[in-house]
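Given these sequences and hints, build the entire structure.
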Amino acid sequence: MVYHGGTPAANTMMIMQETWNDSSGSLVVYVPLDLQSINMLMSGADSSKLAVLPSGFSIHPDGHIGHGTASKDNEGSNFNETAGGCILAVIFQILVNNLPSNKITVESVETVSKLISCTFQKINAAIQET
Numbered sequence: 000m001v002y003h004g005g006t007p008a009a010n011t012m013m014i015m016q017e018t019w020n021d022s023s024g025s026l027v028v029y030v031p032l033d034l035q036s037i038n039m040l041m042s043g044a045d046s047s048k049l050a051v052l053p054s055g056f057s058i059h060p061d062g063h064i065g066h067g068t069a070s071k072d073n074e075g076s077n078f079n080e081t082a083g084g085c086i087l088a089v090i091f092q093i094l095v096n097n098l099p100s101n102k103i104t105v106e107s108v109e110t111v112s113k114l115i116s117c118t119f120q121k122i123n124a125a126i127q128e129t
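Last residue of the sequence shown: 129 in numbering that gives the first Met the number 0, with the numbers rising by one and none dropped.
Keep in mind that a hint or two might mislead.
Simulated crosslink set (SDA-like; lysine to any residue; CA at most 25 Å straight-line) [to be verified]:
1) Lys113 / Ile86
2) Lys48 / Lys102
3) Lys113 / Met12
4) Lys48 / Phe91
5) Lys121 / Pro31
6) Lys48 / Ile14
7) Lys48 / Thr11
8) Lys121 / Tyr29
9) Lys113 / Met13
10) Lys113 / Cys85
11) Lys121 / Ser107
12) Lys113 / Val95
13) Lys48 / Tyr29
14) Lys48 / Ser107
15) Lys121 / Asp61
16) Lys121 / Trp19
17) Lys102 / Ile90
18) Lys113 / Leu87
19) Lys121 / Leu26
20) Lys121 / Val30
21) Lys121 / Glu106
Since the hints were made in silico from the structure, they are not lab data.
Following this line, the structure appears as structure tokens:
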């Protein structure tokens, strides 16, 4: 699936995305590409110099199954057992600087840190809504 915004004449970034879901978990993989790069890939041109950096996340059950009954913990407090939790794995591949000799700046680290934090918060919010 390809998502894009803006006008077709603009050199907009597009997101190519693949999703998968079954009882073992869910997977979302995506890659941002500009329209020129997509056209190049679709025409069979040499892609060795193209930075295709897919990112994504997976959500899998943690394997614990709750019983849905009221129980007491070790201190005697009541709590309701629920279905097990989940395991979230996230991967980002981001080209921060295309010159290998350059050092990563503090600003780049802060930007990536904010991206990771925001992504986890949004995924967590989406899971809580279900």
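Comparing the hints with the structure gives:
1. A threshold of 25 Å between alpha carbons decides the hint, and for Lys113 with Ile86 the separation of about 21 Å falls inside it, so the pair holds.
2. For the given pair, Lys48 sits about 22 Å from Lys102 by alpha-carbon distance, which is consistent with the 25 Å threshold.
3. Proximity of Lys113 to Met12 is assessed by CA-CA distance (about 21 Å); at most 25 Å being required, the pair is judged to hold.
4. About 20 Å separates the Cα atoms of Lys48 and Phe91, which keeps this hinted pair within 25 Å; it holds.
5. For the suggested pair Lys121 and Pro31, the alpha carbons sit about 19 Å apart, so the restraint of at most 25 Å is met.
6. As the CA atoms of Lys48 and Ile14 are separated by approximately 19 Å, the hinted pair is consistent with the 25 Å bound.
7. Our distance criterion of 25 Å between C-alpha atoms is met by Lys48 and Thr11, whose separation comes to about 20 Å.
8. For the hint pairing Lys121 with Tyr29, the CA-to-CA distance comes to about 16 Å; that is within 25 Å, so the pair holds.
9. Note on Lys113 and Met13: the hinted pairing holds, with a Cα-Cα distance of about 22 Å set against a maximum of 25 Å.
10. Straight-line distance between C-alpha atoms of Lys113 and Cys85 comes to about 23 Å, which keeps the hinted pair within the 25 Å bound.
11. Distance hint between Lys121 and Ser107 is fulfilled; the C-alpha atoms sit about 21 Å from each other, no more than 25 Å.
12. Simply put, Lys113 and Val95 have alpha-carbon atoms about 14 Å apart, close enough for the 25 Å limit, and the pair holds.
13. Our distance criterion of 25 Å between C-alpha atoms is met by Lys48 and Tyr29, whose separation comes to about 19 Å.
14. With a CA separation close to 23 Å, the supplied pair Lys48 and Ser107 stays within the 25 Å bound.
15. The hinted pair formed by Lys121 and Asp61 meets the criterion: a straight-line CA distance of about 20 Å does not exceed 25 Å.
16. Between the alpha carbons of Lys121 and Trp19 the distance comes to roughly 19 Å, so the proposed pair stays at or under 25 Å and holds.
17. Distance restraint check for Lys102 and Ile90: the Cα-Cα separation of roughly 21 Å lies within the 25 Å cut-off, and the hinted pair is therefore satisfied.
18. Restraint check for Lys113 and Leu87: the C-alpha separation of about 18 Å stays at or below 25 Å, so the hint holds.
19. About 15 Å separates the Cα atoms of Lys121 and Leu26, which keeps this hinted pair within 25 Å; it holds.
20. A hinted pair counts as satisfied when its Cα atoms are at most 25 Å apart, and Lys121 with Val30 qualifies at roughly 18 Å.
21. Straight-line distance between C-alpha atoms of Lys121 and Glu106 comes to about 22 Å, which keeps the hinted pair within the 25 Å bound.
When each numbered hint is compared with the structure, no violation occurs for any of them.
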